[in-house]
Amino acid sequence: AQRVTQPEKLLSVFKGAPVELKCNYSYSGSPELFWYVQYSRQRLQLLLRHISRESIKGFTADLNKGETSFHLKKPFAQEEDSAMYYCVSATGTYKYIFGTGTRLKVLA
Amino acid sequence: DTGVSQDPRHKITKRGQNVTFRCDPISEHNRLYWYRQTLGQGPEFLTYFQNEAQLEKSRLLSDRFSAERPKGSFSTLEIQRTEQGDSAMYLCASSRGTGVPYEQYFGPGTRLTVT
Chain A
1 AQRVTQPEKL LSVFKGAPVE LKCNYSYSGS PELFWYVQYS RQRLQLLLRH
51 ISRESIKGFT ADLNKGETSF HLKKPFAQEE DSAMYYCVSA TGTYKYIFGT
101 GTRLKVLA
Chain B
1001 DTGVSQDPRH KITKRGQNVT FRCDPISEHN RLYWYRQTLG QGPEFLTYFQ
1051 NEAQLEKSRL LSDRFSAERP KGSFSTLEIQ RTEQGDSAMY LCASSRGTGV
1101 PYEQYFGPGT RLTVT
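So the sequences go chain by chain: A and B.
Take the first sequence: its position 84, counting from 1, is numbered 84 in our numbering, and each next residue is one higher.
Take the second sequence: its position 3, counting from 1, is numbered 1003 in our numbering, and each next residue is one higher.
So here's chain B without its partners, still in its complex pose:
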């Protein structure tokens, strides 16, 4: 297992287009998180999955954003009708466990540029 992977690593798109990112977590991890990071800021929580169930969504996540984790394995994050303000690094992380916060393992991120 090489850790959490994300695809693509970079995405340039025009405003108004839809984009989809993929995250493959560490195989035995049941928790999966998506974050967004803009320049000069720390990662900001977007959404969280426990197995295949999406248990929490941040208010940052507008209706244009949707995430899935079918069968509790990989996850996708889709942004519809992209806007320039969506330009950011999108990070995925996974962890094991139930109940208490555990160490999160991060992917390399997908850098989105909306022109």
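If we strip away everything but chain A, and leave its shape as in the complex, we get:
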């Protein structure tokens, strides 16, 4: 079965430090991969998707098919990055599988 694993429930880093939120997926095919973010008191929203290869708010995510990973990275964390981050694997038109999420806290 398709599964997305985010091993860290909580990640605390100091402002200006590098951030890496881990994501591993299990699927034999080639899923479409996304990172969604939920800021405090806001709705879930797309942060970035693999296919567009963009850098959004300084975040990037590299797909490693060999390790089936899609880790989210940012070189210098900012306080406004504090949020809940979900890694999502999608196949077909409806099968979106969310990880359990990682709460990122950026400390001043």
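Hints should not be assumed to be uniformly reliable.
Calculated cross-link-like contacts (lysine to aspartate or glutamate; reagent style EDC-like; alpha-carbon spacing at most 20 Å) [as the list claims (entries may be wrong)]:
1) A:LYS105 x A:GLU8
2) B:LYS1011 x B:ASP1086
3) A:LYS9 x A:GLU80
4) A:LYS95 x B:GLU1103
5) A:LYS95 x B:GLU1068
6) B:LYS1057 x B:GLU1068
7) A:LYS95 x B:GLU1052
8) A:LYS95 x B:GLU1056
9) B:LYS1071 x B:GLU1052
10) A:LYS95 x B:GLU1044
11) A:LYS9 x B:GLU1044
To be clear, the hints were calculated from the coordinates, so they are not data collected in a lab.
Based on the hints, put chain B in the right spot on chain A.
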């Protein structure tokens, strides 16, 4: 267009009662999804509509749950004979497109508490 809206935002009900939630997607989006999210978990897929057709239902969706999307516009999710285990956040999302997965736009959710 203010995005995906959901009504009500909060619902407290007694066990055994029926509840109905509404979702209004972004108007040009033909795909609509319902998810359930419990504490400490990511959203779990419940059901999917392409226009007015319900194309997929999760095994999580027991016979007490039913969803509709008449005329391919808004959608309703009804839970009959609610149980305490139904307490969760119910999220609606919509997206455009056919074929490949597209970005989903989420509503604010309806928080259900069954007492």
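Point to revise | Hints the structure fails to honour | key: none
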